[in-house]
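Mapped onto my numbering, the consecutive letters of the sequence shown carry residue numbers 1 to 473.
A couple of the hints might just be wrong.
[As the list claims (entries may be wrong)] Cβ pair distances, simulated, as ranges: (1) Asp376 <-> Asp73: 46 to 54 Å; (2) Lys333 <-> Ser156: 21 to 29 Å; (3) Asp263 <-> Glu53: 48 to 56 Å.
Treat the hints as calculated values from the structure; they're not laboratory data. As the structure is a computational prediction, the values presented were derived from the model and not from experiment. The beta-carbon is built from N, C-alpha and C at its ideal position, and this holds for glycine as well.
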Amino acid sequence: MNVSGKMKCTLLFVACVFLPSLFVSGCGGQEAEEVTLRVCNWEEYIDEGGWDEEELIELEDGTKIFGENNLADDFEEWYFEEYGERVKVEYSTFGTNEELYNQITLGDVYDLACPSEYMIMKLMREGMLVPYSDDFKDVSQERNYYSKGVSPYISSVFDTLSINGENLNSYAAGYMWGLLGFVYNPDEVSEEDAAHWDLLLDRNYFRRITIKDSVRDAYFAAIAINCYDEITDEAFVGSPDYHDRLSAALNRTDPETVQAVEDILIDAKNNVYSFETDAGKADMVTGKVVANEQWSGDAVYTLNQADEDGMELCYSVPKEGTNLWFDGWVMLKRGIEQDERKQRAAEAFVNYMSRPDNAIRNMYYIGYTSVISGGDSDLMFEYLNYCYGAGDDEEATVEYDDIDYFFSEDPTGDRYTVVTTEDQTKRQLFAQYPPGSMVDRAVVMACFDDESNDRINRSWTNVRCFDLERLLF
Numbered sequence: 001m002n003v004s005g006k007m008k009c010t011l012l013f014v015a016c017v018f019l020p021s022l023f024v025s026g027c028g029g030q031e032a033e034e035v036t037l038r039v040c041n042w043e044e045y046i047d048e049g050g051w052d053e054e055e056l057i058e059l060e061d062g063t064k065i066f067g068e069n070n071l072a073d074d075f076e077e078w079y080f081e082e083y084g085e086r087v088k089v090e091y092s093t094f095g096t097n098e099e100l101y102n103q104i105t106l107g108d109v110y111d112l113a114c115p116s117e118y119m120i121m122k123l124m125r126e127g128m129l130v131p132y133s134d135d136f137k138d139v140s141q142e143r144n145y146y147s148k149g150v151s152p153y154i155s156s157v158f159d160t161l162s163i164n165g166e167n168l169n170s171y172a173a174g175y176m177w178g179l180l181g182f183v184y185n186p187d188e189v190s191e192e193d194a195a196h197w198d199l200l201l202d203r204n205y206f207r208r209i210t211i212k213d214s215v216r217d218a219y220f221a222a223i224a225i226n227c228y229d230e231i232t233d234e235a236f237v238g239s240p241d242y243h244d245r246l247s248a249a250l251n252r253t254d255p256e257t258v259q260a261v262e263d264i265l266i267d268a269k270n271n272v273y274s275f276e277t278d279a280g281k282a283d284m285v286t287g288k289v290v291a292n293e294q295w296s297g298d299a300v301y302t303l304n305q306a307d308e309d310g311m312e313l314c315y316s317v318p319k320e321g322t323n324l325w326f327d328g329w330v331m332l333k334r335g336i337e338q339d340e341r342k343q344r345a346a347e348a349f350v351n352y353m354s355r356p357d358n359a360i361r362n363m364y365y366i367g368y369t370s371v372i373s374g375g376d377s378d379l380m381f382e383y384l385n386y387c388y389g390a391g392d393d394e395e396a397t398v399e400y401d402d403i404d405y406f407f408s409e410d411p412t413g414d415r416y417t418v419v420t421t422e423d424q425t426k427r428q429l430f431a432q433y434p435p436g437s438m439v440d441r442a443v444v445m446a447c448f449d450d451e452s453n454d455r456i457n458r459s460w461t462n463v464r465c466f467d468l469e470r471l472l473f
């Protein structure tokens, strides 16, 4: 998959060998300054290359995919071949959305970053982003892999989210997406118990469950517990505006709701093993805990690690509703600064990451699910079959067919069907491509206003900090 730029004018290349590396030469004789593209992404969230030979992916149509180099380095060579000018990617990482925001507001300058949905909306609200160009959205252009290949479902979600009258599709291009749920050990936790958020309060699993040490992920689980009777009522579920009502219920921030959520989280704190950000994956594999609130991408990683150790874990999304999360590429105004060449390089980077073979490289390497469904290319679906299709000798197989919503403009179709093993309906396949019936119950957490954020953060402090009064007196 690696490419290298070939000079078309050998004599010109020889003549320019001793020029400073700041410049590159084109055959037209005009020297162009190298573009520096400053990219900030989540830690371990891009294919870093270095694959072993046995990791070669060979799809049924003969396509071979292999990560030899870091994908950002491969982009530099591809960009030179496609656009005839050099780009240098300065790649850095962040650990949380808040860390990224602090880096930006304290003076770090990036051209392209990949925050989560609520942070994208916050940056939009504060006027810190540059909109994508009309050229980027032009599906007639061969190199516009994102606009041609993004899942119709993800695009429709972006269209429904807006700040100041502008929707996310104008300012963000999706990268990875998924749902929030539980990784659980089916030998220790029943499927029914794992299908509800109040598993976090269940004394049958005292000190054997972990919850995310994240105010938003913890808040979401607790508010779903608080609203359970309301959001599972037959009249509520059967209402024509069910999804809008569910979203409104699970995004409440009024004082009474925040207090109720705080009480639930304090109860959960007294029941769970720990609040964690990353340790839950290892704790599941080692058997220290039997259930872990987890993002679907990390769930896939956890299940894969457990498989290597001969342990079978499962993934569940609570029936009452779940959080739909996504990360997306945004261009930062302070970095781009109306520089057309820099914006072109930034948009090209997004397109290169969205090319189906590169989207597969990233999915394989990090375990998360790309927002790219492929458009005219069937490569993404072929990779799904490559990973989860049942072998010819498998006996207990099922048709996993409620995924047209992701791959097709027609969510009710039946073109995209995977014949898989029955266990995969509760494991990696389910985590990466949840059925449409489950996605119908998934909502995006809103970008709360400052007053709501202050209220929730004060409540979170009460949950996470020691009760000093009780300790002192």
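Practice task
Confirm or reject the claim that Asp376 and Asp73 have a C-beta distance inside 46 to 54 Å.
Solution key: violated, 28 Å
Handout entry: CB-CB spacing for Ser156 and Lys333 relative to the 21 to 29 Å hint
Key = Given a distance of about 27 Å, which is inside 21 to 29 Å, the answer is holds.
Practice task
Take the C-beta atom of Asp263 and the C-beta atom of Glu53, compute their distance, and say whether it sits inside 48 to 56 Å.
Solution key: Holds: the Cβ-Cβ distance is about 55 Å, inside 48 to 56 Å.
Consistency with the previously given hints fails for number 1 only.
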